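Protein chains in written order, with the working numbering: chain A, 1 to 248; chain B, 1 to 219.
There's no promise every hint is true.
[Unchecked claim] Label-pair ranges, simulated between beta-carbon atoms:
id, chain 1, residue 1, chain 2, residue 2, range
1, A, D50, B, A99, 37 to 43 angstroms
2, B, L107, A, E209, 28 to 34 angstroms
3, B, I62, A, E209, 29 to 35 angstroms
Don't read these hints as lab results, they were simulated from the structure. Note that the structure is predicted; figures quoted are calculated from it, not measured. Ideal placement from N, C-alpha and C gives every residue a C-beta, glycine not left out.
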Amino acid sequence: MNLTLKIWRQANADSKGKTETYKISEVSPDMSFLEMMDMLNEELIEKGIDPVAFDHDCREGICGMCSMFINGEAHGPDRLVTTCQLHMRKFNDGDTITIEPFRAKAFPVIKDLTVDRSSFDRIQQAGGFVSVNTSGNTQDANAIPIEKSNADKAFDAAACIGCGACVATCKNASAMLFVSAKVSQYALLPQGKVEATDRVTNMVNQMDEEGFGNCTNTGACEVECPKGISLENIARMNREYLYASLKG
Amino acid sequence: MTLIASSIGRKLIMALSGLFLIVFLTQHFAINITSVFSEGLFNEISHFMGNNPLVQFVFQPILILGVMLHFTMGFVLELKNRKSREVRYNSYKGALNAAWVSRNMILSGIVVLLFLGLHLYDFWIPEMDYKYVEVLPLDPDRYFDELVHKFKNPVRVGIYVLSFIFLALHLYHGFASSFQSVGLNNKYSKVIKSITVVFSVSVPIGFVVIALFHHLTAF
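One chain only, chain A, in its complex shape (with noise of 0.2 angstroms):
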């Protein structure tokens, strides 16, 4: 395959950054997307060109790193996957791809394609998380009996990997369903309940400090999120929030 590559070139957060193209041949169609940028890669070190930067680490899709914007959709144009389970067969020989890096004021862009996720670490810190004393003492966890049906949808929205692909489609860089997901995990749980109030007040709080979008209900998040994580979970982190501001 022949490809004309459209990238956001930027030298830093600080730098403006502009669109370079760069032409590229002989891509196999098995190839991940990760790897044609890779092989991009090695010809721009050969003519002496500062490689690429992107973001990647397993490139298994599990661990939530890569975050590319490939022609106007996060991950590309594939669902449920990421970038890096995006494979060259997705796309036509001769085709011209434009990569832009995830954009929202809360993802400021570090390098090129790569941009400073740690917003959603933050968000994480303030209460994604059991406060559990692990002394030893610790109970077994199949002691306490769940609803499967809460298992099940508390499990799903563990899925989520915060690769940030909810932020990046919203048209309003909303990171309600990442935090939404991270509330619900807990909240449906017996475990998470002790904890739900300060959990739910403390993240949406820090959500809204990091300056993203508020959540118009588009869908977009649903559709583009890699793990299928359902809007079901905002509409749980709403009721959660709300309650935990009545109850003060």
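Assemble the complex: chain A is given as a structure, and chain B must be docked to it using the hints.
Relative to the frame of chain A, chain B by itself:
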């Protein structure tokens, strides 16, 4: 952070004020549709609504507050949302993952707001002038004629019809979306979506029918 300052609290305000306006719209439609069937009944209800102290001095101020709250918060949230992505994408294919109506609520909302300005100029301001500025004598039979008179102008009817189309688009997303914002997303959501489709199509079409009926029968 207080509830009203939080993102979720502001969603709640948009949703509750929106649902309140939907209730108002329903009763407005129920009254207006009588003008197609019975001049007398329309005059009777209009006279009651225009002179009942509870409607005039309690419900009307609440309605004005609800409208102002809804569009003010809409603009506040739109500005906040725009600030949340300062550098725009070169390529953004929103149509691939979200409906046009959901992505353009600010556009349909502004059209409805502009229409509201015209609508108040047409009916509410003259009504306030009649009752509270010039303090003209009570006339229980004037309402139907005032309504028909306004719809004689084809340009006005055209603007009304166009505005009702945008109202339909606004309701098509806003109605069901309000329930999500207040935290309701469960087995009843499909029913709510169905009600949303029926309501958002039938009520604006009903208003269009009323406007066209009076335009065509006025001569």
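Legend entry - Cβ distance range 29 to 35 angstroms for I62(B) and E209(A), holds or violated: holds, 34 angstroms
Inset, instruction - With 28 to 34 angstroms as the target window, see if L107(B) and E209(A) comply at their CB atoms. - result: Once the Cβ atoms are compared, 30 angstroms apart, the range 28 to 34 angstroms for E209(A) and L107(B) holds.
Inset, instruction - Return holds or violated for the Cβ distance of D50(A) and A99(B) against the range 37 to 43 angstroms. - result: holds, 41 angstroms
Checked against the numbered hints listed earlier, the structure breaks none of them; every hint is satisfied.
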